[in-house]
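Asks: Sequence:
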Amino acid sequence: MKVVLQVVSRASVSVDGEVVGAIGKGFLLLLGVADSDTIQIADKMVDKICKLRIFHDENGKTNLSLADVGGELLVISQFTLYADCKKGNRPSFIRAGKPDKAEQLYEHVTERCRMYVPKVEHGIFGADMKVELVNDGPFTLALDSEELGFQ
29 MKVVLQVVSR ASVSVDGEVV GAIGKGFLLL LGVADSDTIQ IADKMVDKIC KLRIFHDENG
89 KTNLSLADVG GELLVISQFT LYADCKKGNR PSFIRAGKPD KAEQLYEHVT ERCRMYVPKV
149 EHGIFGADMK VELVNDGPFT LALDSEELGF Q
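In our numbering, the protein residues as written are 29 to 179.
Everything labelled a hint here was simulated from the structure, so no lab data went into it.
Note that the Cβ used here is the ideal one computed from N, Cα and C, for glycine as well.
Be aware that a few hints might be false.
[Stated by the list, open to error] Capping the alpha-carbon separation at 25 Å, the derived lysine to any residue pairs in SDA-like fashion look like this:
| hint | residue 1 | residue 2 |
| --- | --- | --- |
| 1 | Lys76 | Gly52 |
| 2 | Lys147 | Leu169 |
| 3 | Lys158 | Ala124 |
| 4 | Lys129 | Cys113 |
| 5 | Lys76 | Glu139 |
| 6 | Lys53 | Pro166 |
| 7 | Lys72 | Lys147 |
[What the hints assert, rightly or not] What follows is a set of in silico ranges between Cβ atoms, one per label pair, in the way DEER data are often shown:
| hint | residue 1 | residue 2 | range |
| --- | --- | --- | --- |
| 8 | Lys89 | Pro127 | 37 to 45 Å |
| 9 | Gly154 | Lys114 | 24 to 32 Å |
| 10 | Ser93 | Asn163 | 13 to 21 Å |
| 11 | Asn87 | Gly154 | 38 to 46 Å |
| 12 | Ser120 | Phe153 | 20 to 28 Å |
| 13 | Thr108 | Asp128 | 12 to 20 Å |
| 14 | Pro119 | Asn91 | 33 to 41 Å |
| 15 | Gly116 | Lys89 | 40 to 48 Å |
| 16 | Pro119 | Lys89 | 36 to 44 Å |
| 17 | Asp156 | Lys114 | 25 to 33 Å |
| 18 | Gly98 | Asp172 | 26 to 34 Å |
Work out the full structure, taking the sequences as your base and the hints as a guide.
Replies: Written out as structure tokens, the structure reads:
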């Protein structure tokens, strides 16, 4: 599982010109699922993400979690995180999870995030989405379940 996490002051996602999810201060998560991913891996990723202490405390240190600052989450499915660009100029997406499994894990991640924060918004799986955000900092992290040892 791969996640690009962006700290945002606000973010939204639209489908067919209609906003389907919007948040204020918090995290925008771009979520990619591989066929090898499991519920257990998803749970570990959510736990890691929601416990990250990357908001500034009163001393300016990155020491506060999403819950500590009353943050919100916007989760967007992003199979292109598994693009393989090693050969040629056309990316291969062979490592991306099959849609049925990816959607199941995407929904699971969204629900599990609600254990940590009350407001969790999301896009529409498989839809042509337009995402708008104001990256705060900017502060962006790339997380990979394999690199974190969650496999």
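Asks: Broken hints, numbered, in rising order?
Replies: none
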